[in-house]
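Participant: In case you want the letters, here they are:
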Amino acid sequence: AQRVTQPEKLLSVFKGAPVELKCNYSYSGSPELFWYVQYSRQRLQLLLRHISRESIKGFTADLNKGETSFHLKKPFAQEEDSAMYYCALTGSARQLTFGSGTQLTVLP
Amino acid sequence: KAGVTQTPRYLIKTRGQQVTLSCSPISGHRSVSWYQQTPGQGLQFLFEYFSETQRNKGNFPGRFSGRQFSNSRSEMNVSTLELGDSALYLCASSEGVPGANVLTFGAGSRLTVL
Numbered sequence: 001a002q003r004v005t006q007p008e009k010l011l012s013v014f015k016g017a018p019v020e021l022k023c024n025y026s027y028s029g030s031p032e033l034f035w036y037v038q039y040s041r042q043r044l045q046l047l048l049r050h051i052s053r054e055s056i057k058g059f060t061a062d063l064n065k066g067e068t069s070f071h072l073k074k075p076f077a078q079e080e081d082s083a084m085y086y087c088a089l090t091g092s093a094r095q096l097t098f099g100s101g102t103q104l105t106v107l108p
Numbered sequence: 001k002a003g004v005t006q007t008p009r010y011l012i013k014t015r016g017q018q019v020t021l022s023c024s025p026i027s028g029h030r031s032v033s034w035y036q037q038t039p040g041q042g043l044q045f046l047f048e049y050f051s052e053t054q055r056n057k058g059n060f061p062g063r064f065s066g067r068q069f070s071n072s073r074s075e076m077n078v079s080t081l082e083l084g085d086s087a088l089y090l091c092a093s094s095e096g097v098p099g100a101n102v103l104t105f106g107a108g109s110r111l112t113v114l
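In order, the protein sequences belong to chains A and B.
For the first sequence, position 92 (counting from the first letter as 1) is numbered 92 according to my numbering, and the numbering increases by one without interruption.
For the second sequence, position 8 (counting from the first letter as 1) is numbered 8 according to my numbering, and the numbering increases by one without interruption.
Calculated from the structure, these hints are not laboratory results.
Be aware that a few hints might be false.
What the hints assert, rightly or not - Straight line, CA to CA, 30 Å or less: simulated DSSO-like cross-link-like pairs of lysine-lysine:
hint, chain 1, residue 1, chain 2, residue 2
1, A, Lys73, A, Lys9
2, A, Lys9, A, Lys65
3, B, Lys57, A, Lys65
4, B, Lys13, A, Lys57
5, A, Lys73, A, Lys22
6, A, Lys73, A, Lys57
7, B, Lys57, B, Lys13
8, A, Lys15, A, Lys57
9, B, Lys57, A, Lys22
What the hints assert, rightly or not - Sample of chain B residues lacking proximity to chain A, with all beta carbon distances greater than 10 Å (derived):
hint, residue
10, Arg9
11, Arg30
12, Ser33
13, Gln41
14, Gln44
15, Phe64
16, Arg67
17, Ser70
18, Gly84
19, Glu95
20, Gly106
21, Leu114
Note that CB positions come from ideal geometry on N, CA and C, so glycine has one too.
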């Protein structure tokens with residue numbers, strides 16, 4: 001079975017501070033991992049995927065297979081980053097499984 | 001390109017009734033997935049359709065069903081509604097098989113069961 005764990009339901013940081021949203025996964029094979037984001041009153045949308053190795057809106061995420069983690073990081077948080085962030089995984093069954101989400105609040 | 005369209009956006013039903021929700025994917029997308037979103041359980045996978053075939057099903061009772069039409073539009077149905085079925089139901093489409101491609105989500109259908 002595949003599982004995604006986001007240990008923090010809520011996370012608050014001050015503007016300009018670094019932010020890290022944690023994601024751990026359980027999957028025996030080679031997963032594909034994603035971060036999705038939902039801004040207030042907007043649709044859930046893809047932020048980034050690990051195979052793209054991109055930096056989107058200053059966010060990066062590195063897949064650590066040894067620690068089975070895919071933490072999302074940004075060196076300097078902005079108020080507009082406040083949103084709900086979901087880590088997601090897909091395996092060989094091609095079923096996308098989401099974590100429970102982390103509500104990030106960036107304080108002024 | 002028009003986005004993923006879900007109808008109705010809001011609806012109120014009473015226990016025991018049934019409901020049908022509709023999803024029109026992005027033009028050219030053949031895969032449609034459905035998720036239930038609640039504050040307590042987060043995003044839970046319901047089922048996924050590709051080329052009119054159900055490929056995957058989540059851990060929901062048989063009261064939850066769905067189908068996909070030849071034009072890729074999809075419907076989901078919930079029969080004998082229970083209070084716990086109150087949720088935001090999200091539909092997402094992708095060009096190919098979900099998981100291998102990026103999901104584009106609709107705005108959702110918010111169901112309230114009284």
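Participant: Kindly indicate which numbered hints from before are broken by the structure, ordering the numbers from low to high.
Facilitator: Result: hints 4, 12, 13, 14 and 20 break, sorted rising.
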